[in-house]
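Enquirer: Sequence:
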Amino acid sequence: MKRGLFVLAHGSMAQEAGEIVKEIVTMLEGDKSEAFDLLGFGSLQFSQPDFMQGIDQLVEQGAEEIIIVPMFLFQGNHVKHDIPEELEVLQKKHEKVKFTLGRPIGADRRIADIIQERAKEALS
Numbered sequence: 333m334k335r336g337l338f339v340l341a342h343g344s345m346a347q348e349a350g351e352i353v354k355e356i357v358t359m360l361e362g363d364k365s366e367a368f369d370l371l372g373f374g375s376l377q378f379s380q381p382d383f384m385q386g387i388d389q390l391v392e393q394g395a396e397e398i399i400i401v402p403m404f405l406f407q408g409n410h411v412k413h414d415i416p417e418e419l420e421v422l423q424k425k426h427e428k429v430k431f432t433l434g435r436p437i438g439a440d441r442r443i444a445d446i447i448q449e450r451a452k453e454a455l456s
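All the letters of the sequence shown, read from the start, carry residue numbers 333 to 456 under this note's numbering.
The set of hints was computed from the structure by calculation and includes no laboratory data.
Relax, there's no trap hidden among the hints.
Label pairs and their calculated CB-CB ranges:
(1) ILE446 - ALA367: 23 to 31 Å
(2) GLU420 - LYS452: 42 to 50 Å
(3) ALA349 - GLN448: 21 to 29 Å
(4) GLU449 - PHE406: 20 to 28 Å
(5) ALA451 - LYS425: 39 to 47 Å
(6) PHE406 - LYS452: 22 to 30 Å
(7) HIS342 - ALA444: 15 to 23 Å
(8) ARG435 - LEU455: 28 to 36 Å
(9) VAL421 - VAL357: 18 to 26 Å
Beta carbons are placed, not taken as given, at the ideal position from N, Cα and C, and that holds for glycine.
Required output: the full structure, derived from the provided sequences and hints.
Expert: Following this line, the structure appears as structure tokens:
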């Protein structure tokens, strides 16, 4: 069974946002394990590919199971409402694909470490 990892970003009109998501997915490719055969990404708003297009691309590559990880810090309206609604549409469109929604990033020591590092950089 081909399993895909899908990184779901918020999206932005700023071109940099899409480029950063692509960079993160490229980093994940270097870490690709036996757990995921395919990697994909998309955004809820503004950026391309959007959520539907990104999922369609993974399905076209043969994904039979897709784990969606929202690149959000907390469970706001997008995570609680918008993503599940779009996921419902995707499930009807791709009936044979198993979709699993992961947790948003949340409070994580690694984020605190990055903030500390950026603050120290700003001092120098």
